[in-house]
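Visitor: Letter by letter, the chains look like this.
There are 2 protein chains.
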Amino acid sequence: MQNPTAAMLVIGDEILSGRTRDANMHYLAQELTKQGIDLKEVRVVSDDAATIEAAVQALSAKFDHVFTSGGIGPTHDDITADCIARAFGAHIDIRDDARALLEAHYEKSGLELNAARLRMARIPDGATLIDNPVSTAPGFTIGNVHVMAGVPSVFQAMVASVLPGLTGGVPLLSQTLRVDRGEGDIAAPLAALAADFQDLSIGCYPFQINGVFGANVVIRGTEGARIDAASTRLAKELGL
Amino acid sequence: MQNPTAAMLVIGDEILSGRTRDANMHYLAQELTKQGIDLKEVRVVSDDAATIEAAVQALSAKFDHVFTSGGIGPTHDDITADCIARAFGAHIDIRDDARALLEAHYEKSGLELNAARLRMARIPDGATLIDNPVSTAPGFTIGNVHVMAGVPSVFQAMVASVLPGLTGGVPLLSQTLRVDRGEGDIAAPLAALAADFQDLSIGCYPFQINGVFGANVVIRGTEGARIDAASTRLAKELGL
Chain A
1 MQNPTAAMLV IGDEILSGRT RDANMHYLAQ ELTKQGIDLK EVRVVSDDAA TIEAAVQALS
61 AKFDHVFTSG GIGPTHDDIT ADCIARAFGA HIDIRDDARA LLEAHYEKSG LELNAARLRM
121 ARIPDGATLI DNPVSTAPGF TIGNVHVMAG VPSVFQAMVA SVLPGLTGGV PLLSQTLRVD
181 RGEGDIAAPL AALAADFQDL SIGCYPFQIN GVFGANVVIR GTEGARIDAA STRLAKELGL
Chain B
1 MQNPTAAMLV IGDEILSGRT RDANMHYLAQ ELTKQGIDLK EVRVVSDDAA TIEAAVQALS
61 AKFDHVFTSG GIGPTHDDIT ADCIARAFGA HIDIRDDARA LLEAHYEKSG LELNAARLRM
121 ARIPDGATLI DNPVSTAPGF TIGNVHVMAG VPSVFQAMVA SVLPGLTGGV PLLSQTLRVD
181 RGEGDIAAPL AALAADFQDL SIGCYPFQIN GVFGANVVIR GTEGARIDAA STRLAKELGL
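From first to last, the protein sequence lines are chains A and B.
For the first sequence, UniProt numbering assigns the number 1 to the initial residue and increments by one for each residue that follows.
For the second sequence, UniProt numbering assigns the number 1 to the initial residue and increments by one for each residue that follows.
Hint data in this document are derived by calculation from the structure and do not stem from the laboratory.
Certain hints may be false.
If chains are identical, the list can't say which one is meant, so a pair holds when it fits in one copy or spans any two.
[Claimed, not checked] Straight-line Cα separation of at most 20 Å, SDA-like style, residue types lysine to any residue; simulated pairs: (1) K108 / T128; (2) K108 / G214; (3) K34 / Q175; (4) K62 / Q2; (5) K108 / F213; (6) K108 / P133; (7) K34 / S46; (8) K236 / N216; (9) K108 / D185; (10) K62 / A50; (11) K62 / V212; (12) K62 / T51; (13) K62 / F88; (14) K62 / V218; (15) K108 / G143; (16) K62 / N3; (17) K108 / R119; (18) K108 / Q208; (19) K34 / G18; (20) K34 / Q2; (21) K34 / R220; (22) K34 / D93; (23) K108 / R181; (24) K108 / A98; (25) K34 / T20.
Only chain A is shown next, with the shape it has when bound in the complex (with noise of 0.2 Å):
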């Protein structure tokens, strides 16, 4: 059986000026990872409503599951939440029961729940809410995709509020061997196993250090017995 498939939407001209580095596309390939989710594509596209129209219809049809990143703070640039809406057809406005949530988290902090603020309790119909323990103003869930803030802290909270909610697959296993010689060295060792271990993934990672050239080879799969097996060879035909 397969896997369940994700692919992640980073919205945000921040990252695209290179103003701000994203963090939080390593963040949940990590957690997908762990939970049996195949993270196959990431695109980042900047705030632009059609755009992010059209993005999120693409992966959402071609995807078990879309996680958004970005746009749906207070502010007028904030524009993630209505796209995502329009993406779906559905009809969005300021909803009970994020305002509910909200109203309770500044009358608490004593800061007012303006105009502003209340945008993100604009919430589509149809939409499950995202719990956000960290700054209160959820995200949400929408057929297969889950819209959630930018913000690392809260971004990995939300992650937190969704992920045991949903179907994971087999995790991925991996072991990890480091070789001291160039890629050209191994590359015929490393192809012979990738031919006699098809249900791995055999991967050759490259780095330089000081001038140095070393690789990484990555050995992914479901079960750790093949895994052992193909990383136990390889390290005797390498002298490791």
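The hints should help you fit chain B onto chain A, whose structure is shown.
Guide: Chain B only, in chain A's frame:
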């Protein structure tokens, strides 16, 4: 006049599995912004031939430039060059100019130029080589697609080889104002500012440090005087 547009295609299972944290996207984003080329989209895809080919065709048709990273080494999982050739309907084989570079390099280093390493001389017909001062094996440009290595030091060297040859646009300038208040407090003046300065892009990027919420307001545009004017007005309104 509009700036040239660009997309980046990051190729590699190791990014999607969370094993490796991509470093090239952020670097390229910054370099393109300096040169006035607008990075509009990034896609990260797995080492799957059909997926790579389709992504290259889609991005190449949509943007002025496409930059790829990853998958041009000597091992069996390095399939990028062949995928790009197919995407352009170009013949690919070991090419004499690339082979000559590798021969000289491996002769000097005393390493064998074996069959695996020779794969790095596979270059599509009609492509222009991209210089690799770090480890010799070249990248290439075909059509509007620039094919580069995934190892960050090599990727950066190749970007430095390619960018000076491209026609840039007007570099994007920016000013950042840090506001130690929640976004919700400043959303209204920000929206008014954005409405009055439609030639600028006003972004609001919240952060949370030690439980305190704040935001960086980034004002971007191509005319320094306009950015100054917007920044001065906002600082005054917010009492910064």
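Visitor: Each hint needs a verdict: does it hold in this structure or not?
Guide: Comparing the hints with the structure gives:
1. For the homomeric pair K108 and T128, neither the shortest alpha-carbon distance inside one copy (24 Å) nor that between copies (63 Å) is at most 20 Å.
2. For the identical chains of this complex, K108 and G214 are inter-copy neighbours only, at 18 Å across copies versus 55 Å inside a copy, given an alpha-carbon limit of 20 Å.
3. Proximity of K34 to Q175 under the C-alpha cut-off of 20 Å is restricted to the intra-copy arrangement: shortest distance 14 Å within a copy versus 40 Å between copies.
4. For a Cα distance limit of 20 Å, the shortest separation of K62 from Q2 inside one copy, 15 Å, qualifies, whereas the shortest one across copies, 33 Å, does not.
5. Proximity of K108 and F213 under a CA criterion of 20 Å is satisfied inter-copy only: 16 Å between copies versus 57 Å inside one chain copy.
6. In this homomeric assembly, K108 and P133 come within 20 Å of each other (Cα to Cα) only inside a single copy, at 14 Å, whereas the closest approach across copies is 59 Å.
7. In this assembly of identical chains, the alpha carbons of K34 and S46 lie at most 20 Å apart only when taken from different copies (18 Å versus 29 Å within one copy).
8. With identical chains, the CA atoms of K236 and N216 are at most 20 Å apart within one copy only, with a shortest distance of 16 Å there and 54 Å across copies.
9. For a Cα distance limit of 20 Å, the shortest separation of K108 from D185 across copies, 16 Å, qualifies, whereas the shortest one inside one copy, 64 Å, does not.
10. In this homomeric assembly, K62 and A50 come within 20 Å of each other (Cα to Cα) both inside a single copy, at 19 Å, and across copies, at 14 Å.
11. In this assembly of identical chains, the alpha carbons of K62 and V212 never lie at most 20 Å apart, being 41 Å within a copy and 39 Å across copies at closest.
12. For the homomeric pair K62 and T51, the shortest alpha-carbon distances inside one copy (17 Å) and between copies (12 Å) are both at most 20 Å.
13. Only within a single protomer do K62 and F88 lie at most 20 Å apart by alpha-carbon distance; the minimum there is 15 Å, versus 24 Å between protomers.
14. Taking the shortest alpha-carbon separations for K62 and V218, neither the intra-copy value of 27 Å nor the inter-copy value of 34 Å comes in at or below 20 Å.
15. Within a single copy, K108 and G143 get their C-alpha atoms no closer than 33 Å, and across copies no closer than 59 Å, so neither meets the 20 Å cut-off.
16. Within a single copy, K62 and N3 get their C-alpha atoms as close as 14 Å, which meets the 20 Å cut-off; across copies the closest is 32 Å, which misses it.
17. Taking the shortest alpha-carbon separations for K108 and R119, only the intra-copy value of 19 Å comes in at or below 20 Å, while the best inter-copy value is 64 Å.
18. Only between protomers do K108 and Q208 lie at most 20 Å apart by alpha-carbon distance; the minimum there is 18 Å, versus 53 Å within a single protomer.
19. Proximity of K34 and G18 under a CA criterion of 20 Å is satisfied inter-copy only: 10 Å between copies versus 29 Å inside one chain copy.
20. Taking CA atoms no more than 20 Å apart as the test, K34 paired with Q2 passes inside one copy only; the shortest distance there is 15 Å, against 44 Å between copies.
21. Taking the shortest Cα distances, K34 and R220 sit within 20 Å of each other inside one copy (13 Å), while across copies they are farther apart (39 Å).
22. Proximity of K34 and D93 under a CA criterion of 20 Å is satisfied in neither setting, with 36 Å inside one chain copy and 40 Å between copies.
23. Only between protomers do K108 and R181 lie at most 20 Å apart by alpha-carbon distance; the minimum there is 17 Å, versus 60 Å within a single protomer.
24. For the homomeric pair K108 and A98, the shortest alpha-carbon distance inside one copy (16 Å) is at most 20 Å, but the shortest distance between copies (67 Å) is not.
25. Proximity of K34 and T20 under a CA criterion of 20 Å is satisfied inter-copy only: 15 Å between copies versus 27 Å inside one chain copy.
Violation of the numbered hints given earlier is confined to hints 1, 11, 14, 15, 22; the remaining hints are satisfied by the structure.
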